[in-house]
Amino acid sequence: MSTLLEVNGVSVSFDGFRAINNLSFAIGLPELRAVIGPNGAGKTTFMDIVTGKTKPDEGIVRWAESAQSLLSMTEAKIARAGIGRKFQRPTVFEDQTVWDNLRVALSKPRGPFAAMFDRVTPEDRKRIDEIAGEIGLSGHLSRMAGILSHGQKQWLEIGMLLAQDPKLLLVDEPAAGMTTEERNHTADLLKRLAKSHAVVVVEHDMDFVRRLDCRVTVLHEGSVLSEGSLDHVMADERVIEVYLGR
Amino acid sequence: MGETIFTRNRSVPIFIGALALLAIGVTILSEAYGTGALSVSFTKVLGMTLCLCLAALAMDLVWGYCGILSLGHFAFFGLGGYVIGMWLMTARTEAVIRANLEGRPLPPTEVEVSEATALQIFSVVGAEDWPWMWAASDNLALSLVLILLVPGALALVFGWLAFRSRVTGVYLSILTQAMTLALSLYLFQNDTGLRGNNGLSGLQNIPGAEGIGQDRISIWFFWASALALGLAYLGAAWLVSGKFGNIVRGVRDDELRVRFLGYPVEVYKLVIFTLSAMICGVAGALYYPQAGIINPDEIAPIASIYLAVWVAIGGRGRLYGAVLGAALVSLLSTYFTSGRAPDVELGFYRIEWVDWWPVLLGLGFVLVTLFAPKGLAGLVDFVVRKDRT
Amino acid sequence: MIRSFVAAIAGALFLAVAAHKSEAQGPETGALQTILQENADLVANASRQTVQEVLDVLVASDLPEVPDFLATWNTRELYQRQSDGLFVYVEDPDADPLTLLDISTGEVVGTATSREVDQLRPNRGVQGVIAATLVQFRLTSDDPEDRLAALASIESDPEESHLALLRDLVETEEDGRVRRRAEALLPALVIAFADADEPRVEAIRSLAGNVSLSARATLNPLLSTQVRISEALPEGENIARELRPGTDALSREDAYAMLVEDGLATPLIPRRTRADTLAANIVDGAAGGVPVETLNTEEARDRAYATLVEAGQADPAPTEAEIDAALDAHVFYEVYREDSAAVTDAARATLDGIETRVAFYRFLDLSLDGLSLASIYFLAAIGLAITFGVMGVINMAHGEFIMLGAYTGYVVQSVVANETLSIAIAIPLAFAVTFAAGVAMERLVIRWLYHRPLETLLATFGISIALQQIIRLIFGALTQPLSPPDWLAGSVSLNDVVSISSIRIAIFLLGAVFFVLLWLILNRTRLGLEVRAVTQNPKMAASMGINPDRINMLTFGLGSGIAGIAGVAIGLFAQVVPDLGQNYIVQSFMTVVVGGVGNIFGTLVGAFMIGSLQKAIEFMNPSNTLAAQTYMILFVILFIQFRPRGIIALRGRAAGD
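Protein chains in written order, with UniProt numbering: chain A, 1 to 246; chain B, 1 to 389; chain C, 1 to 657.
Hints in this document: simulated from the structure, not taken from any laboratory. One or more hints might be untrue.
Unchecked claim - Below, simulated DSSO-like cross-link-like pairs (lysine-lysine); rule was C-alpha separation at most 30 angstroms, straight line:
| # | chain 1 | residue 1 | chain 2 | residue 2 |
| --- | --- | --- | --- | --- |
| 1 | A | 126 | A | 108 |
| 2 | A | 53 | B | 243 |
| 3 | B | 243 | A | 167 |
All chains, please: the whole structure from these sequences, using the hints.
Set out below in structure tokens:
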């Protein structure tokens, strides 16, 4: 297991509020990692920084594969380098079919002229069918994404992430709004993915995290509070204090 | 790809068919080639309407499909008109000058003709030299290329500046409005080389067609406008029905998602904005020879807002919607403001449509926005796609 | 005031005495008439040489009606009855028969047809002499107003004879106003008419630092020059500078044209002349041996013309070398029309000093202009700063609210004639009208579109054109008058360079008041707090007991009402027409965007920046306000590239995330 993403000493503040404070984080390939923390701990800002949406005031974000700093790259370029992101609120193209959603996400040249002259090859079809099977939407390919259930949208977004073929998946609250059954399915899917990808899951739901059965990083006030197995961090005095307010 | 257009865009064959029928019908009724039931001026109105439809189509591409509400698209339309206008005016004036110099003992030299032409064109603003932007005005081929390139270049520069700094939404709209205002103010000046508020005139006189009557010229331009609209419709349908269309609609609905999928959103916006500006340029270049005159007033911000309103009324995000909206509103406006509509006598008050039409139109915008946000095309959807709710 | 009153009384008494006198001498002939009859021939056939004689007698007579008589004579409105030689005025020179008036009393003395009287028409020379006497008369008048009037006439039409009069006046005058005026006038006359250099130079120096137009108008003619040509720079002339052909000061073409004009060089052959010459020499279908039909290029015509020149049938055109030689052989120089170098040097130095000061005052004036333009933009935009800036609603009908305010002012003024009172009524009324219009619009249209900003834009645009047209239907498309009160009509000027109209000062103050008021409302009141709460998080605000509907309605009404007041102010100096608002809408949006959405302080800064920038661009290219606007907009477009959120950037929902 080699390091894929390295975040070192990153800080960012908004109007004087320090959202991320000297945060360091690393993940290897393949690995599954859960990030937990109370509201305002900086989980989403952390993802914003890695994906280029927010530029930190200081610190290093390095993409190990090409030994490149991500800080000078645009969001699109970072995505093309192999980082996929699922948002907290499912964002899919509601006005387009599931099939179209997946097609747009497929890992192919991203330029406008390539898109104009893009043809759907048999391999593309096969890949879309595969992914649809994986996320349980095989029967819904021709439906509009907008009329899927909340859980299905979550899956579609994960499917789009898969189609994008990234090395690192940043998944923000994938289980929100799902039934227990759907959650279990999602957890299994993420675990399977983590066999060949680096996956970072941000989650509130401890049962879900437990089910992921992976290393856990606890964020608090913009820095890492504790790291280790779930049982290890839950036993950490400081974590208990933060969570239970003692 | 043709298969994709027709399967995914059922409106294409219907639209092309309807357009062809219209062209045939107008030809049959025209003065030049048919019964003469349609006057020359009405044929011109129809041709001009088709050009406005073309502009609306271009507008729909950027707004309906990509979510960029440009309130400056008439700048591109006007630029297309100015480019072709410069050629028309130069060629036409030169022909007249040559005819005038015919009786002289010596045959005129090129320099004499050029100087006399410039004097004739620019004396109205107190100038006599060719301004730099007229450099290509004596060359038809170059002018035709510039019809695409000039609006395209403006859109490219403006779009690059605006999109790269991620100006979006209403801010972008205000910025585009400022762009067209700046352009029209620039053109209003007498010393910028495009004859100030006099604009370019006499554009209906096509050089090389001196012996041909306006009856035939009007129908030719109608055909050309119909052809341009048809081709643009096909091209636009092809563009939006493929993956490019999916991405562009994605930009409209969720720009962030597209960006995190690795697509350079700014480049996509730039491509479609520039493309749309070029289509507008073509529309303007076909429109103004039929209108006969172009002046900076045409580019005033209000014209571009009207364009957006047509698209909104027709139904944005549907190619036929944009075309329908433009055709309907501009034809109705022509009807009501030309005094053709009978006044309504209420006994205590007489409703004169020329006066009341703008009020009706304005309130119509409000009602459509409030109660039919998808426009007329929304009604079509309602009828055609009842199967899905 | 008292002084002139006393003078008026004195004058009246004098008239009474005079009238009494004339009565004593008989009903028909006054003292003036008597003098005139004694010199009847000199008056009727006045010549430049002889008229002074009769003028001296008139001056010596000290009669009060003499000045009026001289003025009337001078303007050729004096008549002489042929029958008895009586000098008379006429009531109306176009009437027939003419009504004759006595020259002293103004009483009717009879009627006559135009053939029975002679109109006396003194020639220019005589008029000059009369005018000088008249000035002298007025300068020595007892009434200071008369003396001021005389000074004014000297200023507008100075003559050599005035110099001595003026010098005397400066010495003896006791009235402060008159003396100051005379002292101010004296240098100009000294400069123009004094014989020696010394007093002139001194007078020039006395103008140092004087930025008034008249001072500059006095000095500038001294420095006027004319271009001369000679073979070498002459000695003893007051040369301003040498001009070298081919420089900016004198182009090569112009220099050569001057040589040609003075007969110092052979003329160029313009294309037209060449063509005419060729046309005149066509023989057997060829000119200069070149067939006519091939003479359609410059090259062919040159060839043909050269042949004609060789054959002696045409004038040769100078070659480039000849032109250069001719130019080299001469010097071009500007010479002052004023001969004395001491005077021109002093004038140059003084004028340079003045120009520096003028430049400073110009800058000051420009800053005031910019400030006043900024306050107009601010007034127009401040309502938007609330509706668009704080609430995020794109109201394209904002301009129409301004227009409605202006029309409210017009309607009030057509009912209440007193301007001050009508404006005082119009301001709250305009607020009420546009507040109501704004609330109605918010309730009926905008509140359904809060989550669809682009559609708000279209719907409000629809309202904008409907409103415009309705106003046009009611009031017509023509400009309606809305006039400011008299105390706002003038302007405040520091000197001839810096002045600002009172109305602009009032608008500036109004803008300042608005700014303070709104700032207080938004930041220091419960309403402001609730507005900010609703715009930042309507749901949260609602759960805390704030009624977002009510707040949105009030806020929108407030923004619209302010637009109405701005409309009254703008209507006072702009034309009140139905599309008044269109002139302000784009600029207003730009002001808000440049300043930074979400706070009125940003709008203030934005207005200030746009206003001063536009004036600065106008300063660089003064002839063209259109160009200034164009460049200003381009600047705004570029500016937004670098500060997409404006000068004062805020974070939060309102900032457009």
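The hints, checked one at a time:
Taken as a hint, the residue 126 of chain A and residue 108 of chain A pair is honoured in the structure, with Cα atoms around 14 angstroms apart against an allowance of 30 angstroms. The suggested pairing of residue 53 of chain A with residue 243 of chain B holds, with an alpha-carbon distance near 25 angstroms, which does not exceed 30 angstroms. Using a Cα cut-off of 30 angstroms, the hinted pair residue 243 of chain B and residue 167 of chain A holds, with the two alpha carbons roughly 24 angstroms apart.
The earlier numbered hints are all upheld by this structure, with none contradicted.
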